[in-house]
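Listed in order, the protein sequences are those of chains A and B. 78 is the number that my numbering gives to position 63 of the first sequence; each next residue is one higher, with no gaps. 233 is the number that my numbering gives to position 218 of the second sequence; each next residue is one higher, with no gaps.
Because the hints were derived from the structure by calculation, they are not lab data. It is possible that part of the hints are untrue.
For chains that are exact copies, the list does not tell them apart, and a pair is met inside one copy or across any two.
To be verified - Restricting the straight-line Cα-Cα distance to at most 30 Å, the calculated cross-link-like pairs of lysine-lysine (DSSO-like) are:
| hint | residue 1 | residue 2 |
| --- | --- | --- |
| 1 | Lys-41 | Lys-234 |
| 2 | Lys-59 | Lys-106 |
| 3 | Lys-41 | Lys-59 |
| 4 | Lys-106 | Lys-82 |
| 5 | Lys-106 | Lys-234 |
| 6 | Lys-59 | Lys-234 |
| 7 | Lys-82 | Lys-234 |
| 8 | Lys-41 | Lys-106 |
2 protein chains.
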Amino acid sequence: MRNIDQHSITAAVVDSFDGCDSPRLKQLMTSLVTHLHDFAREVKLTEAEWAQGIAFLTATGQKCDDKRQEFILLSDVLGLSMLTVAMNNDKPAGCTEATVFGPFFVEGAPHYAHGDDVANGAAGEPCEVRGTVRGLRGEPIADAVIDVWQADAGGHYDVQHAGLDHAQGRGVLRSGPDGGFHFRTIVAEAYPIPTDGPVGVLLEATGRHPWRPAHLHFKIEAAGYEPLITHVFRDGDTWLDSDAVFGVRQSLVAEWAAQADGTHRLDFGFVLNPARR
Amino acid sequence: MRNIDQHSITAAVVDSFDGCDSPRLKQLMTSLVTHLHDFAREVKLTEAEWAQGIAFLTATGQKCDDKRQEFILLSDVLGLSMLTVAMNNDKPAGCTEATVFGPFFVEGAPHYAHGDDVANGAAGEPCEVRGTVRGLRGEPIADAVIDVWQADAGGHYDVQHAGLDHAQGRGVLRSGPDGGFHFRTIVAEAYPIPTDGPVGVLLEATGRHPWRPAHLHFKIEAAGYEPLITHVFRDGDTWLDSDAVFGVRQSLVAEWAAQADGTHRLDFGFVLNPARR
């Protein structure tokens, strides 16, 4: 390793992991370094670009706090989050597909009974959501724990409203004996991801918009089944074909049907995969 | 882009840069995303590993301040810094090779005359350094501006000593009419890079040591020539074959020769590349 040049260096770095006790970590670092170097050689990265990259990553880390995770946002807009979700949640045909978790889930949301209003004061057009939780053979799954969360009409989640001290547009329900559940809330609306940090600068510089199509988040857990983390997207949304975080799957797009009384209604059937041994 | 899966997602992300005004930025992001996704697929990155990666990058950004740049350190230990230097400083045979800049350069170091003691109180064994600055045809380069900097016997640069308010082991000289310069200082010693941050955790987890072989930094600038940023490494050092930042090139290894009076002496000839048009 005394003759480091732009070609020999990759083997030198890979060899430096020879003493790594964890075969998996060694595999991860070997692949990471090989791809990182291949990228730099492929584009012939300049010293100024390298310095800009260091400054960008530093600013991204420094934007993070207990309410903001800019590195997750970066992973989201580069499609790495959705790629990781897709690879790790491959399911048999017929199961509801997974999509990105997003940064706005809150552990310990209030529990609601069927028919309650989960909006809890959030601004928006009223709607009713009716769902079922079933297995692959159509069997109803009772007592599933269902977390739902969503943005309000202004495109913000409750946690984004400074000073709001209670949950809005967020709650936990349980499926009944027939696997069914229902609640009232507001209609989901499209919203931009936060653009006041380095990720916003990247989107602007690359000519990309920050919008996510309207969606309702679900996390469903039931004994004997794999947990499901997904969204239901609203059919007809402008951004369905250019989601800023690449989360859309056609099977997750559904109609919020307009009702005679001016409200909307969403019906959606969730199908869980049996737990893997 | 409604049928995102682990294979289709890369094209979807690449296509999202279609509106980028800068062809170079588009090329950089396309290559970066392609390699990032290929890495994730190649190792089948798990959701827990992804989360660990996000936490690591966040901690790396948050370790940075006005005296510490942990992302440069990360780039150094992954060989990206040296790769970037090597790619951008390809020179004709006979020129002195470049190596990593490192994080310890300080703009505006004190100016010294030939024969002065650059150590300025830093602890270590005394030595004399004699150098020449020449062009490829052997022509002497007069009036070159030569920055030198180095660690002390304890393995620390002056800027790492809290409370020290003046330069030690650091200074600026000018070559004479014959291209020559000389100064007194202390013998360079091996030292570990800082391990009290995420990069230290990474080195430990992968079974790597943090040591850099003993070296003296040089930055040489002269009108009509390319700037040269390099080190001279000390022959016989334990870590020459496993430099933690992959900076060693055999042509930069030299002898600090023991003198009859117990001091050491380094002689080194620097050859600059003509400036490119």
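Hint by hint, here is what the structure shows:
1. Neither within a single protomer nor between protomers do Lys-41 and Lys-234 lie at most 30 Å apart by alpha-carbon distance, with minima of 33 Å and 36 Å respectively.
2. Proximity of Lys-59 and Lys-106 under a CA criterion of 30 Å is satisfied inter-copy only: 16 Å between copies versus 40 Å inside one chain copy.
3. In this homomeric assembly, Lys-41 and Lys-59 come within 30 Å of each other (Cα to Cα) both inside a single copy, at 26 Å, and across copies, at 14 Å.
4. For the homomeric pair Lys-106 and Lys-82, neither the shortest alpha-carbon distance inside one copy (32 Å) nor that between copies (49 Å) is at most 30 Å.
5. For the identical chains of this complex, Lys-106 and Lys-234 are intra-copy neighbours only, at 16 Å inside a copy versus 58 Å across copies, given an alpha-carbon limit of 30 Å.
6. Taking CA atoms no more than 30 Å apart as the test, Lys-59 paired with Lys-234 passes between copies only; the shortest distance there is 23 Å, against 43 Å inside one copy.
7. For a Cα distance limit of 30 Å, the shortest separation of Lys-82 from Lys-234 inside one copy, 20 Å, qualifies, whereas the shortest one across copies, 43 Å, does not.
8. For a Cα distance limit of 30 Å, the shortest separation of Lys-41 from Lys-106 inside one copy, 29 Å, qualifies, whereas the shortest one across copies, 34 Å, does not.
Against the hints set out earlier in the document, violations occur for numbers 1, 4.
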